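Asks: Quick note, the sequences are listed as chains H and P, same order.
Using my numbering, you'd call the opening residue of the first sequence number 1 and step up by one each time.
Using my numbering, you'd call the opening residue of the second sequence number 359 and step up by one each time.
Treat the hints as calculated values from the structure; they're not laboratory data.
It cannot be assumed that every hint is accurate.
What the hints assert, rightly or not - Covered stretches of chain H, going by a simulated chain P footprint (3 or more residues, C-beta under 8 Å):
| # | region |
| --- | --- |
| 1 | 92-98 |
| 2 | 110-121 |
| 3 | 168-174 |
As the list claims (entries may be wrong) - One-sided and incomplete, this derived list gives chain P residues near chain H with beta-carbon spacing under 7 Å:
| # | residue |
| --- | --- |
| 4 | ALA544 |
| 5 | ASP587 |
| 6 | PHE588 |
| 7 | MET591 |
Stated by the list, open to error - Calculated lysine to any residue pairs in the SDA-like style (CA-CA distance at most 20 Å, straight line):
| # | chain 1 | residue 1 | chain 2 | residue 2 |
| --- | --- | --- | --- | --- |
| 8 | H | LYS91 | H | LEU64 |
| 9 | H | LYS197 | H | GLY222 |
| 10 | H | LYS113 | P | THR582 |
| 11 | P | LYS431 | P | ASP653 |
| 12 | H | LYS113 | P | LEU584 |
| 13 | H | LYS91 | H | ARG129 |
| 14 | H | LYS113 | P | PRO598 |
| 15 | H | LYS91 | P | PRO599 |
| 16 | H | LYS113 | P | ASP653 |
Nothing here was measured: the structure is a model prediction, and the numbers come from that model.
Every residue gets a Cβ at the ideal spot worked out from N, C-alpha and C, and that includes glycine.
Each chain, written out:
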Amino acid sequence: MVEQASAPAPLLSVRDLHVRFPTERGAVNAVNGVSFDLYEGKTLAIVGESGSGKSVTAKTLMNLLPRTAQVSGEVTYDGQDVRALAAAGTKHFFGVQMTMVFQDPMTSLNPVKRVGEQIAETLRYHLGRSRSEALEEAEELLEVVGMPEPARRVSQYPHELSGGLRQRVVIAMALACQPRLLIADEPTTAVDVTVQKHLLDLLDRLRRDRGMSMILITHDLGVAHGRADDVAVMYAGRVVETADARTLFFDMRHPYTEALLRSIPRIDDPVHHRLDPIPGRPPELIDPPEACAFAPRCIYAQGDCLGGVPELSGLVGLHRFACLHPTGTERGMAAMSANRAAGVTAAGLPVADSGGGG
Amino acid sequence: MARFVLRRVVLLFAVLFAVTFLGFAAMNLLGDPLVNVVGVLAELDCEGIEAGTVEDTTVDAASRDCDTVAAAKAQYHLDRPVPIRYVLWLSDMATGDFGTSFQNDQPVSEVIREKLPETLILLTMAQIVSLGVAVPWGVIAAYRANRAFDRGSTVASFGLLSVPNFALGVVLLYLLALRWQIFPSAYESGSFGGLVFSLVLPAVTLGLPLAASYQRLLRTDLITTLQEDFVHMARAKGLPPMRIMFRHALRPSMFSVVTVFGVSTGALIGGSLVVEQIFGIPGIGREIVTAVVRDDFPVVLAIVMLVAVTFVVLNFLVDLLYSWLDPRVRAR
Ligand SMILES: Nc1ncnc2c1ncn2[C@@H]1O[C@H](COP(=O)(O)OP(=O)(O)OP(=O)(O)O)[C@@H](O)[C@H]1O
Ligand code: SF4
Ligand SMILES: [Mg+2]
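Throw the hints in and build the complete structure from the sequences for me.
Replies: Here it is as structure tokens:
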């Protein structure tokens, strides 16, 4: 087992998390041994393509998985076992200590309840506010999240608001009881591009003002840039690379991280790569082969990559990556040249002889 | 909202018009209306009998029968042209004049006023029983979907749905009224409380199978709703499960139940024919059976119209209920 790297106790600590969903076609291995730490006041970005297990990880932390899910591993919040707290039905933990914002504001509000009531409800249940106090506070919260005309909004229904405004409501709702940890699962994917930045900056500002910790889930490395202290890149249910944001962006080791970075359309791209979509599709999670899951899409792949799943190197809290031929190392360079010379990787992916390298 | 209600009211009247028109058409346009109304008596040559030119075979009876024929002609304005007949008939009904029973010369409106309360109370109690049973039942089944309780209730509800009303009624009557004597075996009208108490068994007889079907619908809809993001959100807010169930999930899951609630009234009225017989309740259900057997057309027609109108009005209320259940309906 890996040891902790630094002294102060993390607010949230995840160790060797596994989640499987038994289905008719076989068990889906959605999360395969995820470990990370999150410290008070910090933001961790979890980045990965669709299906990489980001939401399942988040839902595990919040105890929101369907009952059929098989979970193992440890999740500790402030020294307490979260899954035990959830199993015991501990009151005023979720919603007060940690809470979550979901991807789609169109569906994460109850369509038949007024916006104000939905915010007030939390205040009444957790903090024992009266109905009128809670509604007043709801209005104030709407103002805090930059909702225009908050007084009018409290008595509106979700369908009367645009997607961006709804997501503001959801954020207000999540922040109502001043949680110490907010999990934001792709909070801006479903809204207009112009609104995205507003919402992300709002979240960032609120997090700073309140000294909150945040897990920011996104498939877009660009979103993580400038907002996250640490980044964990997920692929096929595993963390394949994790580091502080600076290291990850400027000195990444995993070919997948590199590929992700190249695939984001950013003018102020720190690494100035040309835009390259990642070839191929994410792997099956049912009966995965005993190999590096990224191998079929990896331009560095060598024979040994197909012989087993690479371990995540190093200590939790340090720069860690799971790759046998890491980008920017001699082994990586050698692998790349060998594949270029052969015109194909060990996993059968054609590689052009020219093209951009590390 | 006002516009929504207004549109529904206009629709209500359109449907009521259509229902009465169909009733009228069935009587007046399919074959000879006199035959439709008085049956074989239409063949009597009453003018001949009166004039003495035709032999009166059953003197007493026939002259009374001729009175019936004359009454029917007057009541349904059979000597007037069809469109006028319809207007006159409608306005008669609108003023509460449903004609006179051929059987005992009692005004039909009086018959209905006498029998309707029992049936209304019975049907209301039956719906209360069915919803009162179905909601907690469906909620618990959905909360632990596919666990033992849920599986058991699937079996139980199919059992209840396949037992005919009369069988369930007889069993309940035998066990709870005759054997253990918890409930009265006969209808009591002494006091309102006594009336309600004596209607418990009939209401349960009618309501339980309905509860079974409501339960099925509610369970299915709840399971779907419980997978919605807003339920996850409510859980992420830290609200306890039952609060989420009743404050968030239940209302958006009531659509199928409410729809069937409106439609099932027809089935309930059908069921009340049987149940009123078994438990000896002098309600509309028993009355219509008697009226049909005795060929008492005015009573039959009035009750059929009444049932149709009730059905339409109830479904109108269901429409309004939808808009309460889901504010998005109002915007449409
Ligand atoms: N209840 C479930 N039953 C079976 N498989 C599931 C279930 N929930 C998730 N999965 C599977 O787990 C895998 C990871 O899903 P997850 O939702 O965590 O992906 P994600 O990284 O959040 O992707 P996205 O960017 O699309 O949200 C997917 O292959 C998904 O099909
Ligand atoms: S080089 Fe090998 S181990 Fe590293 S990502 Fe590519 S396939 Fe996986
Ligand atoms: Mg997701």
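Asks: Checking against the hints above, which ones are violated?
Replies: Of the numbered hints given earlier, those the structure breaks are 4 and 16, listed in rising order.
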